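Use the sequences and the hints to build the structure in full.
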Amino acid sequence: MSVDLKTKPVALSNRLKSTRAGGKLVADYWDRIFTAPERGATVAWYNGAAINPLFQAIGIEWCHTEAFGARLAAMHLEGPAQEMSEEYGYNRELCSYARTTLGCAVLAKRDGQANEIELAGMEGEKVLASRLPPPNLFVNAYAGCSTGQQWDEISYRLFDKELPLFKISYPLLWGNQPDAAYIQGEEWEEASRYVSAQILKLIEFLEHVTGRKFNWDQLHESMHYIKQAAQLRVEALELCAARPTPATFFDWVASIAPINFLPGDEKLVQYFADVKAEIEDRIANDIPALPNEKYRMAFDGIMNWNKVGWLADKFAERDVAVISGRYTHTSFWHEPQLLDENDPILGMAKHYLLCPFNHNARTVGNRLLHDAERFGLDGVVFHSTRTCRSASNGQLIAAQMAQQAGLQTMIFDGDVADVSFYKDAILDTRLEAMLEAIDLHRRAGA
Amino acid sequence: MTAATDRVNIIVSRLEAVCSDYIAYVKGWKERTGRKAVGVLPMNFPVELVQAAGALPVFVQESDEPVTDGRNLIYEYYCAYSKSITDQAAKQWLDLFDGIFAVDHCVALLGALDAMRFAMPSRLVYLAQFPASMDEQASVDEVDKRMRELRRELEKLTGAAILPEAISEAIRSRNEARQIVRRLFALRRDGAINLSARMMQAVVQSGMIMDAAEYLETMLELEAALADFPPVHDRKVKLHLSGHFCHAPRPELFDMIEQCGAMIVDDDLYTGYRFVSTDVAETGDPAIALRDWYFQRNVNVPCSTRAQKTADWEGYLLQALERSGADGVIILMAKFCEPHMLYYPELRKTFRAQGVPYLLIETEHEGLALEMLRTRLESLVELISKRRAAEASGQSGIKETSV
Ligand code: SF4
Ligand code: SF4
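So the protein sequences, as listed, match chains A and B. Residues in the first sequence are numbered from 4 upward in steps of one, following the working numbering. Residues in the second sequence are numbered from 106 upward in steps of one, following the working numbering.
Hints in this document: simulated from the structure, not taken from any laboratory. Hints should not be assumed to be uniformly reliable.
[What the hints assert, rightly or not] Distance condition first, Cα-Cα at most 20 Å in a straight line; then the derived SDA-like pairs of lysine to any residue:
1) A:K204 with B:A243
2) A:K164 with B:Y421
3) B:K250 with A:E193
4) A:K112 with B:T455
5) A:K164 with A:R113
6) B:K414 with A:H211
7) B:K250 with A:E190
8) B:K454 with A:I157
9) B:K261 with A:N179
10) B:K454 with A:G92
11) A:K164 with B:D417
12) B:K250 with A:A200
13) B:K250 with A:G188
14) B:K250 with A:N179
15) A:K353 with A:R196
16) B:K250 with A:E189
17) A:K164 with B:E419
18) A:K426 with B:Y182
19) A:K164 with B:A416
20) B:K454 with A:E165
21) A:K317 with A:N295
22) A:K216 with A:I202
Computed from a predicted model, the values in this text were never measured in an experiment.
Quick look at the structure:
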């Protein structure tokens, strides 16, 4: 029987079911943010590291505006925010994360009272981008990127410099001294102490601005849950070293939001316990993430939010299991052994410094080689992110290190939240070329 | 041409020659003195520390050469400066420096620095990062620490102790040169000297490269020669040039602006007033004085690479326009310069609100389309001329601010 290739079902990945619950938790989180004004709640807008346990302990709502930009892009609803930012004067080459979110800030500022507006051409539709409630205060906690820091400086100006703003500064983990290595050396320890001291200042600031007492017991409690959840996540990530892998990088992308900004509580722990259980179940019952896993890859770079599902299919179609990623595996409370839940500030500072874009190029390359080893990878896909210099820094060096270690590499053009920078044809051609190279290499080895 | 004009032209040509081949200058200096040279990155490096160690501090300059070897290390969508310095490192041109040091934090600059470290394994490439947030005591303390660290590392590199007296001496000589250059800016602003933008840039940029004593001597000579330099006679459209961080705009661009019937009366370019805006205090502990200089520079001429709640670039620009009487602003933005792109709408908002005519020009490393720019520049000049004419006849109708 001949098969019509056009109608042949494409082998897609078997995504984890348990991550759907995360989607619900995250949607609830945003609904809570949207309704904050009617509840009279104080809202902090913040960017960068997961400082949410501090807000939780002072009893205010935390709105990770950057994550909102990502959410809009993932839902393909970034258009109105980006149009607004263009109208405001932002150049298209500027970080599209910042552009999207600043577009939301302009919308929130314009309509602080009514909270929802309609844009020309979209009459009758509720524009999600306009639903962020105006902030009561800002905290900037962006490591590794000057744009990330400057972004809130601009938000502060957009709101006429009338709201309190606190900034945490992080040194890039550059590694001047011979003892410097990943989470090692005096520079690392010194940077951790420097950031810890700033977190304590942030607590003073929050107390001052809100007039409330910081609840240390609450912090210990939420860090207890976060540590548990983080431990489960890391264990589950490790399980994906199995061949074939039970879950892919794209499943882990779905779990970023929960670990990044949901409250530290039992629900968070349960979520990661369920994810881990599903992965264990898959291993026990030989259920792979891909029906025909043939190649194993790492994904380097920041996420490309408008294309997550599309990319997942693109790789799955070619039997490529993308297993690890810089964004998913080297971020978000990923070294839980550093957390002391009874005295959490130093461990929190360490994680904030461990933003995946706050490393020097050699460390990026070395972490990649480390992942290649532990997950048995054939190659690395680099997402060259047009408007994110921070994620792009060091990629070409890491690629050279990977090639020297015998890994195949490819680079594709995309962006964090601006779909117009994608070059589909280039991705296809380069992916084909890389897979051919791996095949050749395997044949030569056999 | 008068003898004074001749003298000035000869001095400025000497400075232009230094700027057009800074590598040759450094080579010559090293051969002549047998001492070390340290490449430093903009925009806030305290060069006095290097000078006090007996070495030559040189701000690594953008090169005119196309970016080739550097493409293996840095993507195309980086600013011209970061691409060019990476390329120069990849071509091994920067190996003539005994070390490369940086204190700034722009994300593109740090990417370039890391690529340079990879390309120059035989050289120390050192980052003593100053926090860019200027509002906190923690930042002040951190800069203190970083200054001490810099001093220690420079001592190691040069093998010379950096004594407080030597730092003070470096501060004094550099202050004196800065003061002369600021006087030249004031003379230009007042129309007392007809110094072209190309010449003005050579005066500042050469100070980023040359030996401090030689530079000071040249500035003294230049100031004396300028005493008889012709003043400005005609009533051309007066413009302020703003922005362009880290590297020098192409002088041909300045020539084009001037050919379109405008004159540059002031600027806040990095290779302009921004660089010389602030002296280092000459009393007290010189290390503390250098630290305070870092914070004061951003108050004197705010920069969007810094985060400071109380410093507003747009406010500074309005004051600068008031002081110089400039009719409008040309914003020069290096393509892909994140800190500038992010701040630009704040500038635009202010100019629109205040009715200040402005034009945004993006520059690139290769292929500046001068002829296309000419039309836009002519439109700006025309807009301003019409406004002037309307104002002279008592009308106040022209509200447009951009072309
Ligand atoms: S890290 Fe990338 S996405 Fe984040 S602020 Fe910087 S440029 Fe934007
Ligand atoms: S501040 Fe602008 S010009 Fe300077 S390195 Fe950064 S991006 Fe380039």
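Hints, one by one, checked against the model:
no. : hint               : result
1   : A:K204 with B:A243 : holds, 9 Å
2   : A:K164 with B:Y421 : holds, 17 Å
3   : B:K250 with A:E193 : holds, 11 Å
4   : A:K112 with B:T455 : holds, 18 Å
5   : A:K164 with A:R113 : holds, 15 Å
6   : B:K414 with A:H211 : holds, 18 Å
7   : B:K250 with A:E190 : holds, 12 Å
8   : B:K454 with A:I157 : holds, 13 Å
9   : B:K261 with A:N179 : holds, 13 Å
10  : B:K454 with A:G92  : holds, 9 Å
11  : A:K164 with B:D417 : holds, 11 Å
12  : B:K250 with A:A200 : holds, 15 Å
13  : B:K250 with A:G188 : holds, 17 Å
14  : B:K250 with A:N179 : holds, 15 Å
15  : A:K353 with A:R196 : holds, 9 Å
16  : B:K250 with A:E189 : holds, 14 Å
17  : A:K164 with B:E419 : holds, 14 Å
18  : A:K426 with B:Y182 : holds, 15 Å
19  : A:K164 with B:A416 : holds, 11 Å
20  : B:K454 with A:E165 : holds, 18 Å
21  : A:K317 with A:N295 : holds, 14 Å
22  : A:K216 with A:I202 : holds, 15 Å
Hint compliance for this structure: no hint is broken.
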